[in-house]
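As you go down the protein sequences, you meet chains S and W in turn. Residue 6 in my numbering sits at position 6 of the first sequence; the count goes up by one each step and never skips. To convert, count from 1 in the second sequence and add 1000; that's my numbering.
Any given hint could turn out to be false.
Now the stretches of chain S that chain W is said to cover, found in silico as 3 or more residues with beta-carbon under 8 Å [as the list claims (entries may be wrong)]:
#1 24–37
#2 46–53
#3 66–76
Read the hints as simulated data drawn from the structure, not as lab findings. Given the structure is predicted, the values throughout are model-derived calculations rather than measurements. Where a beta carbon is used, it is the ideal one built from N, C-alpha and C, also for glycine.
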Amino acid sequence: MSLLLAESFAERGARERAQSLLDAQSARELIGPFARLSSPYLAAQGVVAQSDDGTVVMRGTLGGERACVVATDGRFLGGSIGEIGGAKIAGALELARRDFERGTPTRMVLALDTGGIRLQEANLGILAVTEICDAIVALRMLMPVVAVIAGRVGVYGGLSLSTALCSSIIVSEGARVGLNGPDVVETESGIEEMDSSDRPLIWRVTGGRMRFEAGFASELVPDDVQAIRAAVEHAFTHPRPLPPLEPPEFPDPRLERDAFLRAMGIEP
Amino acid sequence: MIETLRYEYPAREAVTRRAHVGVVASGNCEVLLEPSSAKAASIVVRTSVSGFDATWQAVLKRFFARNPIAVQIEINDFGATPAVVALRLEQALEGAR
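Please model the entire structure based on the sequences and the hints provided.
Right, here's the structure in full:
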């Protein structure tokens, strides 16, 4: 694949990302910008709201099967999840479960690009994440729920918990996945722990390749629409066995450290 | 604090459909354009950068002088420069025609 011919996924906005994962001409947006369901809390805090609250939900087909893609826009307030955006995601997941129960399964894809819960809507964001987690667990018992992390922000914070619950997690090399972002780690634990201005370090610790090598993601893809589409389809046609729902035993941290070092090319 | 600005310009051309472009991101803005049955273009601007009323007027006046379209427009702005606003308006019009 030529780099010049690749169609970048990361360079697209949320709406275009959702469209690009669905079959051509099949996409239809639910609760789009003209529904004007924007956050009612931002204006009071001096922040201009976006008409779709930064979350896009699209129905259509994927590989000829009914599908729904949710995409968050990392450019609007870091792709943060507030009450409206969170309700859109949880609602889409719950609709997909209802579809399955009615005999019309819907392939569910979460194309997330988010720093996590929106600080301006703190508790409502937390509530939304719990609803999303709940809905993912309910749906993944019936059919795969696929996460795509291939945006400029990656996935941090509360939504990193939700993606960890998905049946398959597809990451790109440019994306990042982590619970606490680099700024938070530096603030809480000091610059010796994490220098948030050191971008190579951030990618060595939370970058897509590292997450894949360490077993936190199921697929590593280039930043190319066709490659990501193929990986998403594969995730539905070849579902992975689900991890057990009861809490696993914690792995030996030394083994984790060794795996981490090996992935970095260092023999422990 | 957010500033809300309202403008109105005379219009005589119709557009066929609504259009949505842009994003509320740093140095950018979102434009929602809908056809209107009135003989005027009415615009609501919500911006996080206050004190630029005259600049908004200049950009919008020029756009509607060239494109006298009967529309309702909402702009959600996060510090877009006049050039970016003009481009977004053109882009929205392209999508609406």
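Query raised in the report: Failing hints, ascending?
Result: none
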